[in-house]
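*Asks:* The sequence shown begins at 120 in the numbering used here and counts up by one.
Calculated from the structure, these hints are not laboratory results. Please read all numbers here as calculations on a predicted model, not as lab measurements. One should not assume that every hint holds.
Stated by the list, open to error - Derived DEER-like restraints, expressed as beta-carbon distance ranges:
#1 Phe329 with Arg355: 48 to 54 angstroms
#2 Glu352 with Ala212: 27 to 33 angstroms
#3 Gly478 with Val244: 42 to 48 angstroms
#4 Ser487 with Phe395: 45 to 51 angstroms
All C-beta atoms in this analysis are idealised placements derived from N, C-alpha and C, irrespective of residue type, glycine included.
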Amino acid sequence: MAPARATPISGEAALMSVRLDRLPATRYVWKLLLLISLGGCFEFYDLFLMTYLGPGLIRSGLFSGASGSFFGLTGLAGFVAATFAGLFIGTLAFGFAADKFGRRTIFTYSLLWYTVASIAMAFQVTTWGILAWRMIAGVGIGVELVTIDTYIAELMPKEVRGRAFTINQIVQFTAIPLVALICWLLVPRNPFGVDGWRWVVWIGSVGAIFVWFIRRGIPESPRWLIARGRLSEAERIVVRMEERVAAESGRDLPPAVLEAPADKSPGARANFSQIFHPPYLQRTLMLMVFHFFQTIGYYGFASWVPALLIAAGIRTTASLQYSFMIAIFAPVGPMLVYRIADKFERKWQIVWSAVCIGGFGVLFARQSQAGWLILLGVMLTCSNNWMSVAFHAYQAELFPTPVRAQAVGFVYSWSRFSAIFTSLMIGFFLQHFGVGGVFAFIAGSMLVIVLAVGVFGPRTRGLALESISR
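Make a model of the complete structure from these sequences and hints.
*Replies:* Given below as structure tokens:
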């Protein structure tokens, strides 16, 4: 792919970015955020299917509970691994798509992609058919999640960027208790003679119906248009946003003032290799390490809740019920950090959430009573989702607009690469070392995150995206 040519940062283009950042957060701004987040809801529903479909896939005889060998794909770990293989391909190989074709276009078509693939997966009658279509669906999910992060970072004013990602995560995480409830009700049953897990997949696929309605209400990112040299289109969108916000606020907008003279020198070629040179190299390496290890904590628990509960002595039907009770609190983590999302540096939020994940995980492994398992499961879920809010905002802030989506896709792909093996490792550890071995593995991974982000992560709070890039 030929590299995109960056547009020289003219005074007009730089001022448009300032105009976006100084917008007050009115109902219109939050509406844009809500529409983007609703698209992500369908992605989260499908992504977290792998957590709760497990008992149904085992019950249908298509998968076994534990892997017979480290790389065994007929165990439940194979289903999880196929999901993350697709996510890895989507984020790494297709992360450039949103930079090339636009945030709005890719947001729409990646949602359609995963919907079609999920419907196809639900009709499969062989283990390999399910694995193949699950991987294809994962490609669409991977592209969508990268695009959403990029979209929100570029549309939201700088002073509310942290809270914007908090709301985004709250909306998306509501899909988790929903899919947990549906699985609890349907997975143990065969409505109309059809496996319950298939109904769960089909129900989530109705997202395609809403795609075009969501798309019509969202503008293209002005920052992306500026980076592509389409200044007149960007100007029209910014003016329209200013008019809507001014009408809702009932007062004149604050003046847009450049903090520094615009750089009018000829623009350098903007391509992917930029992230491997200063000042981005350190950020890239830090996020690669972070993502490789954060997956072990996040999906090591979230994707294995029912299986971990069963291993702790909870019967299968009850494990789905308890998993639902834990999943109800998925949106609570982002809610709890809403007020501090823009008051504390995001790097320290990532560090402290990692500490909480490691600590609560070790305690979870020592429990056998249902009450304590549920309570500590809730604390783990809230801590994981606090980390999710912080890092989704953080990674999108650290790279320049022309390659933001591809750069985020690249560093994010390391979490997907890690998860391919994490799911197999969790299944193997659970089989041979029990719940305690699983959480010792998770705690060690969280320590790596604390050191990598705490030592090498730059600050971003309250800064314009262009300032962070400089």
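*Asks:* Look at each hint and say if it fits the structure.
*Replies:* Checked hints:
Taken as a hint, the range 48 to 54 angstroms is violated for the pair Phe329 and Arg355, whose Cβ atoms sit roughly 26 angstroms apart. Distance hint check for Glu352 and Ala212: the Cβ-Cβ separation is about 28 angstroms, which falls inside the suggested range of 27 to 33 angstroms. Between Gly478 and Val244, the C-beta spacing of about 44 angstroms keeps the proposed range 42 to 48 angstroms intact. In this structure the hint that Ser487 and Phe395 lie 45 to 51 angstroms apart at CB holds, the actual value being about 49 angstroms.
Comparing the model with each earlier hint shows a violation of hint 1 alone; every other hint is respected.
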